[in-house]
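Could you slot chain B onto chain A? The hints should help.
Number of protein chains: 2
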Amino acid sequence: MQRWKLTLEYDGAGFCGWQMQKDARSVQQTVEEAIKGFADEHVRIHVAGRTDAGVHALAQVCHADIDRPSDADTVRDALNYYMRKHPVIILKAEAVTTDFHARFSAQARHYMFRVINRPRPLTIDRGYAVHFYKPLELQPMQEAAAVLLGHHDFTSFRAINCQSPSPMKTMLHTRVEQKDEEFRFYFSAKSFLYHQVRNMVGSLFFVGTGQWSVAEFKRMFEAKERAQAGPTAPPQGLYFMGVTYD
Amino acid sequence: MQRWKLTLEYDGAGFCGWQMQKDARSVQQTVEEAIKGFADEHVRIHVAGRTDAGVHALAQVCHADIDRPSDADTVRDALNYYMRKHPVIILKAEAVTTDFHARFSAQARHYMFRVINRPRPLTIDRGYAVHFYKPLELQPMQEAAAVLLGHHDFTSFRAINCQSPSPMKTMLHTRVEQKDEEFRFYFSAKSFLYHQVRNMVGSLFFVGTGQWSVAEFKRMFEAKERAQAGPTAPPQGLYFMGVTYD
Numbered sequence: 000m001q002r003w004k005l006t007l008e009y010d011g012a013g014f015c016g017w018q019m020q021k022d023a024r025s026v027q028q029t030v031e032e033a034i035k036g037f038a039d040e041h042v043r044i045h046v047a048g049r050t051d052a053g054v055h056a057l058a059q060v061c062h063a064d065i066d067r068p069s070d071a072d073t074v075r076d077a078l079n080y081y082m083r084k085h086p087v088i089i090l091k092a093e094a095v096t097t098d099f100h101a102r103f104s105a106q107a108r109h110y111m112f113r114v115i116n117r118p119r120p121l122t123i124d125r126g127y128a129v130h131f132y133k134p135l136e137l138q139p140m141q142e143a144a145a146v147l148l149g150h151h152d153f154t155s156f157r158a159i160n161c162q163s164p165s166p167m168k169t170m171l172h173t174r175v176e177q178k179d180e181e182f183r184f185y186f187s188a189k190s191f192l193y194h195q196v197r198n199m200v201g202s203l204f205f206v207g208t209g210q211w212s213v214a215e216f217k218r219m220f221e222a223k224e225r226a227q228a229g230p231t232a233p234p235q236g237l238y239f240m241g242v243t244y245d
Numbered sequence: 000m001q002r003w004k005l006t007l008e009y010d011g012a013g014f015c016g017w018q019m020q021k022d023a024r025s026v027q028q029t030v031e032e033a034i035k036g037f038a039d040e041h042v043r044i045h046v047a048g049r050t051d052a053g054v055h056a057l058a059q060v061c062h063a064d065i066d067r068p069s070d071a072d073t074v075r076d077a078l079n080y081y082m083r084k085h086p087v088i089i090l091k092a093e094a095v096t097t098d099f100h101a102r103f104s105a106q107a108r109h110y111m112f113r114v115i116n117r118p119r120p121l122t123i124d125r126g127y128a129v130h131f132y133k134p135l136e137l138q139p140m141q142e143a144a145a146v147l148l149g150h151h152d153f154t155s156f157r158a159i160n161c162q163s164p165s166p167m168k169t170m171l172h173t174r175v176e177q178k179d180e181e182f183r184f185y186f187s188a189k190s191f192l193y194h195q196v197r198n199m200v201g202s203l204f205f206v207g208t209g210q211w212s213v214a215e216f217k218r219m220f221e222a223k224e225r226a227q228a229g230p231t232a233p234p235q236g237l238y239f240m241g242v243t244y245d
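So the sequences go chain by chain: A and B. The first sequence begins at 0 in numbering that gives the first Met the number 0 and counts up by one. The second sequence begins at 0 in numbering that gives the first Met the number 0 and counts up by one.
In case anyone wonders, no lab produced these hints; they're calculated from the structure. None of these values were measured; they are calculated from a predicted model. It cannot be assumed that every hint is accurate.
Which copy? The list can't say, so a pair holds if one copy fits it or any two copies do.
Stated by the list, open to error - Taking lysine-lysine pairs in the DSS-like style, the calculated list, with each CA pair at most 25 Å apart, reads: (1) 178 / 91; (2) 133 / 84; (3) 223 / 189; (4) 178 / 133; (5) 133 / 91; (6) 189 / 21; (7) 35 / 21; (8) 217 / 189; (9) 223 / 91; (10) 189 / 178; (11) 84 / 217.
Extracted from the complex, chain A is given alone in its bound form:
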């Protein structure tokens, strides 16, 4: 048996999300079927960051234990062959030892959120960014994003059905960038609560429009009440950017 670390890119528009669901195609199912095709083995894969329907990944990481002996290039190319009809690709396959775990060995996860800020709806970016029509201002959103840095109780940004045992998380990095009509939000943390990124972005919009001051954003964050925060931003703007391992 060999444990393989697989780095994946996928188009979230083509799947019901990472996790298996009845009557809908998940990324997990697609990769596991490809392993079945290649090695004739029923393998359960483990992922660094489960993503919802519509959420994209530029460098998702999962691992799989496969009995069939092979080399990294063959594993990558064979699985890609079996997945060729679906918008998911293995960018890299690496042989790792069994003390590597895609989920539990992760030191940091990196997300990006794309917003197109203009009056008119999207055409080309529909499905790959979120449309926000009220004018957003960069600097207040940058200041508010900095409020999130460090070890905090993130209950204000936690989805009701979040499975995490604790709302305490450590935000390692935040950044908000603007280029013409596009804003990009970057967040890094060891782990995130369910819907945390989309909920943070939804509240940062309130600061960007001037509806909240940075001080009001901070008060809402410190209130630790989901109901006081902004709405959940739609999934199609969210990109799982990558994972840092030791």
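Chain B only, in chain A's frame:
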């Protein structure tokens, strides 16, 4: 009657191209139907740059003569309302005099071509860029693109079914940029031959892989024979960027 200059963005993946076709939805048909919905008039619109199926537009320009009196914001919003089910949007409507013609008044047309250069196929960018798997080098492609500047016979890059009376065109600007695994090609000219941009890009690939030197590219260009040039690059990498008027 008022002549309206309309600036449009559209996703080429959602249409059979600009021009009307039987049994397929064109951008032209979608805009003309919207005018019919708004003004109850059968209007024939004129466009700056007809695009093929799959080709995108960030700022296409067309004009339409409409009898129903209205103001620019209403024209824009009403037409967008009637087109809301299709991936096309009017970014701007402007009242112009009848000496303005979207096609004949154009001083320059601007195109961009996106290529993702990596071994693995595309997922997220499928339909919005072209995949090229052999490694490309930037500098030779920049030098070859500069060979195209000025007034030349572009027969080498002219599609067989091109309707243009002459193969003589003036290239005003070329630029090739690289950012990580993405290359972008920019071209500006008063007008282009049919498939000219996609044919130029197809030949620049030969220079990028080292199959042709810049001198060989120049010889092929000067040979004025379509058969000596490279293949036509696929449509989904092409973006109509905009038009310059006086």
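Hints, one by one, checked against the model:
1. 178 / 91: between (31 Å within a copy, 20 Å between copies)
2. 133 / 84: Result: close only across copies, 22 Å inter versus 39 Å intra.
3. 223 / 189: within (20 Å within a copy, 59 Å between copies)
4. 178 / 133: For residue 178 and residue 133, only the intra-copy Cα distance (16 Å) is at most 25 Å; the inter-copy one is 31 Å.
5. 133 / 91: between (40 Å within a copy, 17 Å between copies)
6. 189 / 21: For residue 189 and residue 21, the Cα distance exceeds 25 Å both inside one copy (30 Å) and across copies (55 Å).
7. 35 / 21: within (19 Å within a copy, 44 Å between copies)
8. 217 / 189: within (22 Å within a copy, 54 Å between copies)
9. 223 / 91: Neither. Shortest intra-copy (40 Å) and inter-copy (43 Å) distances fail the 25 Å Cα cut-off.
10. 189 / 178: For residue 189 and residue 178, neither the intra-copy (28 Å) nor the inter-copy (28 Å) Cα distance is at most 25 Å.
11. 84 / 217: neither (46 Å within a copy, 40 Å between copies)
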